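Peer 1: Letter by letter, the chains look like this.
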Amino acid sequence: MLTPEEWQAVRLSLSVALRSVAFSLPLAVAVAWLLSRRRFLGRPLLDAVVHLPLVIPPVVVGWGLLILFGVQGPIGRPLHDWFGIRLVFTTAGAALATAVMTFPLIVRAVRLSLEGVDPGLEAAARSLGAGPFDRFFTVTLPLIAPGILSGAIIAFAAGLGEFGAIITFASNIPGETQTLPLAIYAATQTPGGEGTAARLAAISFTMAVAGLLLAELVARHLRRLLGRS
Amino acid sequence: MLEVTLRHAWPATRDGEGFSLDVAFRGPTPGVTVLFGPSGCGKSTILSAIAGLLRPQSGRVALDGQVLTDTAARIFIPAERRRCGVVFQDARLFPHLSVEGNLRYGLRRAPREAEGPSFEEVVALLGLGRLLARRPAGLSGGERQRVALGRALLSRPRLLLMDEPLASLDVPRRAEILPLIERVRDAFRVPILHVTHALEEVDRLADTLVLLEGGRVLAAGPPEALTAEPGLTLLAGRRDAGVVLRCLVAAHDPGRGLTRLDFAGGSLLVTLRPEPVGSTLRLRLRARDVSLATAPPEGLATHNVLPAVVEGVAPAPFSPHEVLLRLRLGPTPVLARLTRDAVGTLGLAPGQPVWALVKSIAFDHGGPA
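Protein sequence lines, in the order shown, are assigned to chains W and G. Using this note's numbering, the letters of the first sequence correspond one by one to residues 1 to 229. Using this note's numbering, the letters of the second sequence correspond one by one to residues 1 to 369.
Check the hints yourself; a few may be wrong.
[Said to hold, decoys possible] Simulated restraints, written as ranges between beta carbons of each label pair: (1) G:Arg14 / W:Asp81: 34 to 42 Å; (2) G:Glu176 / W:Leu46: 46 to 54 Å; (3) G:Val171 / W:Arg224: 29 to 37 Å; (4) G:Arg183 / W:Val218: 43 to 51 Å; (5) G:Pro11 / W:Pro26: 35 to 43 Å; (6) W:Pro132 / G:Val277: 32 to 40 Å; (7) W:Asp118 / G:Thr13: 45 to 53 Å; (8) G:Ile75 / W:Pro132: 54 to 62 Å.
[As the list claims (entries may be wrong)] Computed footprint of chain G on chain W; a stretch qualifies when at least three of its residues, placed anywhere within it, have a C-beta under 8 Å from a C-beta of chain G: (9) 99 to 113; (10) 135 to 147; (11) 153 to 160.
[Said to hold, decoys possible] Only some residues are given here: those of chain G computed to face chain W with a beta carbon under 8 Å: (12) Arg109; (13) Arg151; (14) Phe318.
Hints are computed from structural coordinates only; laboratory data are not their basis. Predicted, not measured: the structure shown is a model, and the values here were computed from it. No residue lacks a Cβ here, since even glycine has one placed at the ideal position from N, Cα and C.
All chains should be built: construct the whole structure from the sequences, respecting the hints.
Peer 2: Here it is in structure tokens:
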């Protein structure tokens, strides 16, 4: 049904989206916790920076990453010189660009469920002898698990469709950075590529819808496990 | 000994007036200290500060000589290392854990050398056996509070803090939990600080009573003494005002359906009680159930006619037409509530010997002390 090249784009898309979520999830949980539970000086600034990718054009995000993580960039150069890591024009770079774009989605989902956790439960855990990390991992984290999971699934589904940031930062290299949307774009630019574009678009659509449904199902199941509905 | 001195002020905001707390009191260990006062008097705030969940602007909290908070010496032991078990009004059970998981949460974190009741003892005492596998969401209000009490106990606390644990329950549930708190007190000898606005809990639990109003301590001491003060309107101004008597169950007479109770000022015959002979009881002798005569009356249905001396006459806080008389039965002070007219007609005045009349059926409050 699909040509090997088309399969490659599908696999690559899944891999990039998965890596981006794996990378941003712990950080997103930490940032969400900071934003909802701590009052500190730079809080409004952090809040704004986290949400930037939602409002600025993805191409601008990609360009910013190119400046920062390019081989000559302030982060890219030490990464390359000291560790031999190059992000531009690589699958890892595509995952990074996707992670930055979907980061606010996870933060928002986690923050929403954190705000639904009664701080009284954390106080109860304290009175029972649980220190900060102990009560985060034994009380807070299990209670926000539905939010984390649905945030991760939505970020994954959205990550499958990332285009602007990837093409700007990681370019459009088949087998390396050419994810589904990029492959669709390339197909529309190629004479006779209409069939490929249509098939890939259908797959893209199906995966996105499946992701949304899965997120809802998982959240509902977990809420029932927690005995709250 | 639990020693508490706290000062904390909240500034007025657009949404409400400011509030300031300025209290100092001591409580016995082991023993039950009850903080009693109307809503908003600061009693729950005091409990939070003792638990370490609130950091007071200034103050000192010490338990059996160990300083938990001392703002002057910059000491503030974090709540998780204070070993103060808290039973919250809203139970606060962890919804993602089973009842057993909740009970073991504190037990697992208690220091190994800490002594206290075992898991099985607590489950048996509080009747939690059938609930262990259940989730908190499926429990009734009374069951939740029992689990919360068990969870706090199993954390092997050096002090058990109870923040109106019965306030959210209906009357039958309350009647079910209150004896359990008494059993915990008697079985485990853990010092308890109990916060409430229910007089019944004061009568049944308090060794030391701390009366609070508007963030200040009005009075503190044994409930037997404080309840006999006509000037303490927080207690004496109530319809059920009266002294708490500590009594010994002296004898049962099932034939007549009566029990004889001895207290420091004499004996009382009351309706047959369930408690065994030799046990001690705390009873509230309500001022409205005490009548007076200037001569020993005859042909009376009232069993209890006790010689007494009028010690003071004070206007009743609840009505301009009534007065509260403070009597002395031997060493025991008792309050009597009479009309202003009766006091005038009988010419009652301090120092006068009288007879105090108490109906046997007047006692339906109280429980084992």
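Peer 1: Hint by hint, note whether the structure agrees.
Peer 2: For each hint, the structure was consulted:
The hint said 34 to 42 Å for the Cβ distance between G:Arg14 and W:Asp81, and at roughly 57 Å that hint is violated. Checked against the hint of 46 to 54 Å, the pair G:Glu176 and W:Leu46 passes, with Cβ atoms roughly 50 Å apart. Look at G:Val171 against W:Arg224: about 33 Å separates their beta carbons, and that is inside 29 to 37 Å. Distance hint for G:Arg183 and W:Val218: a CB-CB separation of about 45 Å, consistent with the stated range 43 to 51 Å.
Checked against the given bound of 35 to 43 Å, the beta carbons of G:Pro11 and W:Pro26, roughly 39 Å apart, stay inside it. Between W:Pro132 and G:Val277 the beta carbon distance is about 54 Å. The supplied range of 32 to 40 Å is therefore violated. The beta-carbon spacing between W:Asp118 and G:Thr13, approximately 23 Å, falls outside the hinted interval of 45 to 53 Å. For the hinted restraint 54 to 62 Å between G:Ile75 and W:Pro132, the CB-CB distance of approximately 20 Å leaves it violated.
Counting residues of the region 99 to 113 of chain W whose beta carbon lies closer than 8 Å to any beta carbon of chain G gives 0, which falls short of the minimum of three for the stated coverage. Judged by the Cβ-Cβ criterion of 8 Å, the region 135 to 147 of chain W is covered by chain G as claimed, because 5 of its residues qualify and three suffice. Figure legend: the region 153 to 160 of chain W, annotated as covered by chain G; annotation inconsistent (0 residues with Cβ-Cβ distances under 8 Å, at least 3 required). Interface restraint check: G:Arg109 against chain W, minimum CB-CB distance 4 Å, threshold 8 Å, status holds.
Because the closest C-beta pair between G:Arg151 and chain W is about 7 Å apart, less than 8 Å, the hint holds. This hint is violated: G:Phe318 has a C-beta 37 Å from the nearest C-beta of chain W, more than the 8 Å allowed.
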